[in-house]
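Residue numbers (the numbering used here), protein chains in the order written: chain A, 1 to 264; chain B, 265 to 1101.
Bear in mind the hints are in silico, worked out from the structure with no lab data behind them.
Take the hints with a grain of salt, since some may be wrong.
Stated by the list, open to error - Pairwise CB distance ranges, derived in the manner of DEER restraints:
#	chain 1	residue 1	chain 2	residue 2	range
1	B	N1093	A	R178	42 to 48 Å
2	A	R178	B	G674	53 to 59 Å
3	B	V725	A	D142	21 to 27 Å
4	A	S162	B	I622	44 to 50 Å
5	A	T91	B	L1076	40 to 46 Å
6	B	R1016	A	E160	43 to 49 Å
7	B	A633	A	S162	40 to 46 Å
8	A	D208	B	L1076	51 to 57 Å
Stated by the list, open to error - Derived coverage of chain B by chain A (criterion: at least 3 residues anywhere in the stretch with Cβ under 8 Å from a Cβ of chain A; other residues may be distant):
#	stretch
9	1008-1014
10	1023-1032
11	1088-1099
Since the structure is predicted, the reported quantities are computational estimates derived from the model, not experimental observations.
The beta carbon of each residue, even a glycine, is placed where N, CA and C say it ideally should be.
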Amino acid sequence: MTAAHVAERTQASTDRDDRAIAAQAIGLSKTYGEGGALVTALGDVTVEFASGQLTAIMGPSGSGKSTLMHCMAALDTPTAGTVIIDGTDITHLKDKALTRLRRDRLGFVFQAYNLVPTLTAQENITLPMDIAGRRVDAEWFDTVVDTLGIRDRLAHRPDELSGGQQQRVACARALLSRPAIVFADEPTGNLDSRASAEILAFLRASVDDFGQTIVMVTHDPSAASYADRVVFLVDGAIVDDIVKPTMAVVLERIQELDRPRAEA
Amino acid sequence: MWRVTLRGIQGHLVRLLLTAAAVMLGVSFVTGTFVLRDSFDRAISGLVAGSSAGLDVAVRGTEIAGGDGARARLPLDLVDSLSAVPGAARVSPDLRGVAIIAGSDGTAVRNSGAPGLGFAFSDDDPAFTLIKGRGPVGAGEVVVETVTLDKGGLEVGDRTRAVIGGETRHVVITGEVEFGVLFGATAVLVDEASAIHSFARDGTVPSFTITAADGVSQAELRASVAEVVPRGIEVVTGATVDAENESSVQQGLGFFTTFLLVFAGVALFVGAFIIGNTFSMLIGQRARELALLRALGASRGQVLRSVLGEAAVVGVVGSILGMGLGVLVAQGAKLAIAGLLGVDIGTSLPVTSSTLLISLAVGTLVTMASAILPARRAARTAPVAAMRGDTPIAQKGLRRRGISGAVLLGVGVGLLGLAVTREDVPWVAAGIGSFVAVMGMLVGAPLFARPVVRAVVWPFVVVSGVVARLARQNALRVPRRTAATASALMIGLALVAGISVLAQSVKASITEGVSSELTSDFVLSGGQSPVPPQVATEASKLSEVSSVAAVGLVPVTIGDFSTTAAAVEAASMPENFTVSMAEGRLDSMEGDRVLVDRTTASDNRWEVGDVLPATVGTLGAHDLVVGGIYEDSQAFGTHVIVSRGLYEDAVPSDMQTDLQVYVAAVGGADQAQLREDLDAIVSPYLVVSVMNASEFATAEGTAIDNLLNLLYVLLLFSVVIAVLGIVNTLALSVLERTREIGLLRAVGLQRRQLGAMITVEAIATAAFGAVLGTVLGLGLGIALQRGLEAQGLRTLGIPWGLVVLMLGASVLVGVLAAVAPSIRATRLNILAAINRA
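Throw the hints in and build the complete structure from the sequences for me.
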């Protein structure tokens, strides 16, 4: 580890201190199988995600980056450790409470958009609010829709939308309930570069303009460069943490991380 | 490719088993019907042989033309010349008639529907055996058949009442006999003198039974007997009698088995929709897999054969299960018959190889035929589809389907309308029309899915908002599929609704007819049993009674026209019935002058004063004169009314019983008192009851209710199949929408809400089928009622209670069907579901 990196990490920790923490994992582990066949997806990970930041989680395939996100997003249950979301320890919550937590305080953007094909774009956007039986804030709805530029697409069904448009609808859905955190799982994985750039610009803007907290799993260095901070995972452990990453720095880190693996 | 087929079956085992269950239910009807028929066959051969024990030669009168199988009676003294025939070991006149005994509770011992028979007791009669006590001596003693005794809670030595040949007697039971065969009838035996007194009052009997001496064949004895009997008397061998009995029983059963097979057909037809539906969904989900096979070089034929192979396996498995269930169905039916009718048809359940072959072939072929369309679609899958991502939801050509459905529906309704309104269009057209209309509804059903489902789900949307809206969208996603799933319920309920409209109309017409045409205060009726003539005689002596109309029945044949005529005294009619004369006068009916209803008169071009050569009862070649023509009447239900005088000449005195006796009170008479007095008159006759007009109408309707209940039980099968179909479709839908369900759960849909969503979808599907079926059934029922208006079905009755019940029950069907798929969906792992390819 170079001196520069150490300096950056110190900077990152001081940066964190003056921000509230949106989500936090303490000693988080996730293992599959038993005995000799034991596979460790996450090994004793402790990490915090600050409010009002766009954090990217990166790492090679099988590094545990998705598992980390799923555990933090109350979609998966860890084997050990604690997850605190927006001040709530969710580790021992039952399905019903977890479902309500996801519904009311989390937002999701998936790689494959995951819109309900029978509903129009507008219905998809308001779906979590409708499920909760909550009134949609019309002003906020207009703001989100106009920011994403999908107003003229609201009456269309997903199969009538392009991939980029579908992902923008998914973003609007995630943001509408003003969640504590939006989790985005490879949000640009299925998109071409132009559509990717649009989505990332929107995510960035929602952090800057609306103060939204976003945690995004990605393997795309250009996507990571939009983030305030990048957390690198390898073999279920955090190996690096960069604040204000540039694309060049991210690429360099990836190559460094890959090298020992290639040599071994 | 066989491996692919087998793997396909493994991969969708549960779903295919559900499909097989639909096949199973259909096949079970087929198997059950055949097994039941065979066991009847076997039992009947045994029974018929048993019933003619000791009968080597029968001597009987010739059949009366138009008498519905009735024969002329023979003089009792023929016994002397018959006894003198060489080779005749035993000659007995068949002394039999109606006899009913009161059980320990004082009411008649009856075996629902079966007659109460009386016989002469004789020690050496091979038809029965004395198993307890001794034979009867004198008018005060009887011997009772063992099952009858049991049913009445009676024992040898008991004192009770019996109505024998219309006479009430106080009797002592001196013995118990066992009959070879009685077909469920009750039996009371009296000594020979009493039997002659009761059953051969005018010195005639229906026939003689002759037993051959050892070493004399039936044919030889027949020949010897034929030499001594006068001309015009039939002499037949026991074998001939057996054959006749057997064929007449078979004829009755033929109707029964046809009836069951019709239901088997309905069950299989409905099942075929579910099978086809399941296969098309399975294939839709496997489109990529099939395309991959094609891309790897499998030919269309191979894909087609692979899918058909799967169908064949499902068909065979379903058929085999169905055969097993069918034997149980047959066993159940036998128990039901034994319990309800008291007819024991033996314990064996003959399962012949032809039954098995037919069942297997029907089940397998229907399954494969239903899978052909989906299989062809599968074979047409383009190899390039393997490279595509999501398989698009096919949404083509609903318009064409809607048009063909509408055309079929129109043609069907049109045919039905023609058959109903035009006399020159045969009734078969009504049947074909109904069938075509049902097919049209089946074909066009997807087009109705949107409005009906929207309407049905509306209340749920009001209550639960987005969950119900999602359910509605899911139900409407593939209208074809929803329609096919709902078709089972649709057909079943269309049948129920149609038949119920007819039944309700029959009841309403009876009530209407009774209230508008019956002016008498009371009706004395024995239900299926005749009313002894003494009842009318005694009732007319009561001071409160102004007029008594006793109605008897007599077969009448005029040229080609055969009917059963009512015999009533003209003078008694005006006070008891409203009869409006179209031509002639009511009181012109006297002697050979008869009344004819207007439809019959115009059909046969008879006019008042016409002389018609006819046979009436036992009177051959007897001229009748049309005395008057009356407006068609519901009260009689007969087309011809004859005088009592003619009736007494034409019907042997011991058969002169009344169908019903109508009693009109004098003005201002105390109804309650009159009822009490009438009760006192009928009570000795055990089976006769006193009813006022509305009770009478209700009693007439009861028989229809019993028939309806049987139908409902059979149609329950199609409801069971419908539930299976909905379960199947929902299970497949849940699988198809795994990702979507994962997403909904991720963004906050609770398990309970997910379950509710699937349940509402199921309810929407079931209610859709129920609504379509009910509307169709009501429509067909109403059309048929209109068509039968001239036949006496004048009042339309719509069973609204049943309609509400059916629609309500369909909601329940939906809830039931959703249970398993809901559980499955709520247990899905969210992550795995979202990330599913």
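The hints, checked one at a time:
1. For the pair N1093/B and R178/A, the beta carbons lie near 28 Å from each other, so the given range of 42 to 48 Å is not met.
2. Taking 53 to 59 Å as the suggested C-beta distance range, the pair R178/A and G674/B conforms, at roughly 57 Å.
3. Here the CB-CB span from V725/B to D142/A is close to 25 Å, well matched to the stated 21 to 27 Å.
4. Hint check: S162/A to I622/B, Cβ distance near 58 Å, so the stated range 44 to 50 Å is violated.
5. In this structure the supplied range 40 to 46 Å holds for T91/A paired with L1076/B, their Cβ-Cβ distance being about 42 Å.
6. Between R1016/B and E160/A, the C-beta spacing of about 32 Å breaks the proposed range 43 to 49 Å.
7. Roughly 43 Å separates the CB atoms of A633/B and S162/A, a value that falls within the hinted 40 to 46 Å.
8. A C-beta distance of roughly 56 Å is found between D208/A and L1076/B, which places it inside the suggested range of 51 to 57 Å.
9. Coverage of the stretch 1008-1014 of chain B by chain A holds. Counting CB-CB distances below 8 Å, 7 residues qualify, and the rule asks for three or more.
10. Counting residues of the stretch 1023-1032 of chain B whose C-beta sits closer than 8 Å to any C-beta of chain A gives 0, which falls short of three, so the coverage hint is violated.
11. Requiring three or more residues with a Cβ within less than 8 Å of a Cβ of chain A, the coverage given for the stretch 1088-1099 of chain B holds, as 3 such residues are present.
In terms of the numbered hints stated before, the structure departs from hints 1, 4, 6, 10, listed from lowest to highest.
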